[in-house]
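S.K.: Listed below are the residues making up each chain.
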Amino acid sequence: AQSVTQLDSHVSVSEGTPVLLRCNYSSSYSPSLFWYVQHPNKGLQLLLKYTSAATLVKGINGFEAEFKKSETSFHLTKPSAHMSDAAEYFCVVREGNAGNMLTFGGGTRLMVKP
Amino acid sequence: ETGVTQSPTHLIKTRGQQVTLRCSSQSGHNTVSWYQQALGQGPQFIFQYYREEENGRGNFPPRFSGLQFPNYSSELNVNALELDDSALYLCASSLAVRGATDTQYFGPGTRLTVL
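Protein chains in written order, with the numbering used here: chain A, 1 to 114; chain B, 1 to 115.
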């Protein structure tokens, strides 16, 4: 069975400082991993995905994530936060043989202070 | 924007009623998945449709059912509504090739409130 744990339910940073959103996963098979962002009253937007190619994945809006198999982690980072980054972020796992079902973490709410 | 549309955007129903939610896939996609997102939680997988047949189901009772049409649009039907069914319902479309699904792209969701 697959599962995802987002280690922080809330993260607060100042504008211009780095962002780190932590994610650990559990998967019996080679997983695909994703980060999605959800702005208030909006649907989910794909930030980036890992599908067994390069372990460092670059996404949209300056975000990137590193797949570390030994640590079963897929943390999301950004060098410099913008006010527009304030949103809910979801780490998501899809097992190779799980019928294409996505399993979401509980989410991390990112707050950006001016 | 992903090109995935959902209707209606908001809906209010009472306990025991039935509801139908609709989703139009992104052009070129042949697979639709439905998710339920309760307030303050991550989305939970309900089921997926591929080539008009159910292709995987999460831990939801049979009163949650769906359809996929030849144009790949989809419906989610919920019978005998309960208060706990109040949530944001998200539809995601993707392209499946030889059974493997690519990235899922989400619509804006339908907010269902059950009174």
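Simulated from the structure, these hints should not be mistaken for laboratory data.
One thing to keep in mind: the hints can contain errors.
Claimed, not checked - Straight line, CA to CA, 25 Å or less: simulated DMTMM-like cross-link-like pairs of lysine to aspartate or glutamate: (1) A:Lys-42 / B:Asp-84; (2) B:Lys-13 / B:Asp-84; (3) A:Lys-49 / B:Asp-102; (4) A:Lys-69 / B:Asp-102; (5) A:Lys-42 / B:Glu-75; (6) A:Lys-42 / B:Glu-53; (7) A:Lys-113 / A:Glu-95; (8) A:Lys-58 / B:Asp-102; (9) A:Lys-68 / B:Asp-102; (10) A:Lys-42 / A:Glu-71.
What the hints assert, rightly or not - If you anchor each label on the Cβ, the simulated ranges turn out as follows: (11) A:Ala-1 / B:Thr-9: 43 to 51 Å; (12) A:Glu-64 / B:Thr-113: 31 to 39 Å; (13) B:Leu-67 / A:Ala-1: 27 to 35 Å.
For every residue, glycine included, the Cβ atom is placed at its ideal position computed from N, Cα and C.
S.K.: Now tell me if each hint is right for this structure.
M.R.: Evaluation of the provided hints:
no. : hint                             : result
1   : A:Lys-42 / B:Asp-84              : holds, 21 Å
2   : B:Lys-13 / B:Asp-84              : holds, 12 Å
3   : A:Lys-49 / B:Asp-102             : holds, 11 Å
4   : A:Lys-69 / B:Asp-102             : holds, 22 Å
5   : A:Lys-42 / B:Glu-75              : holds, 20 Å
6   : A:Lys-42 / B:Glu-53              : violated, 28 Å
7   : A:Lys-113 / A:Glu-95             : violated, 36 Å
8   : A:Lys-58 / B:Asp-102             : holds, 18 Å
9   : A:Lys-68 / B:Asp-102             : holds, 22 Å
10  : A:Lys-42 / A:Glu-71              : violated, 32 Å
11  : A:Ala-1 / B:Thr-9: 43 to 51 Å    : violated, 34 Å
12  : A:Glu-64 / B:Thr-113: 31 to 39 Å : holds, 38 Å
13  : B:Leu-67 / A:Ala-1: 27 to 35 Å   : holds, 28 Å
The structure shown violates the earlier hints numbered 6, 7, 10, 11.
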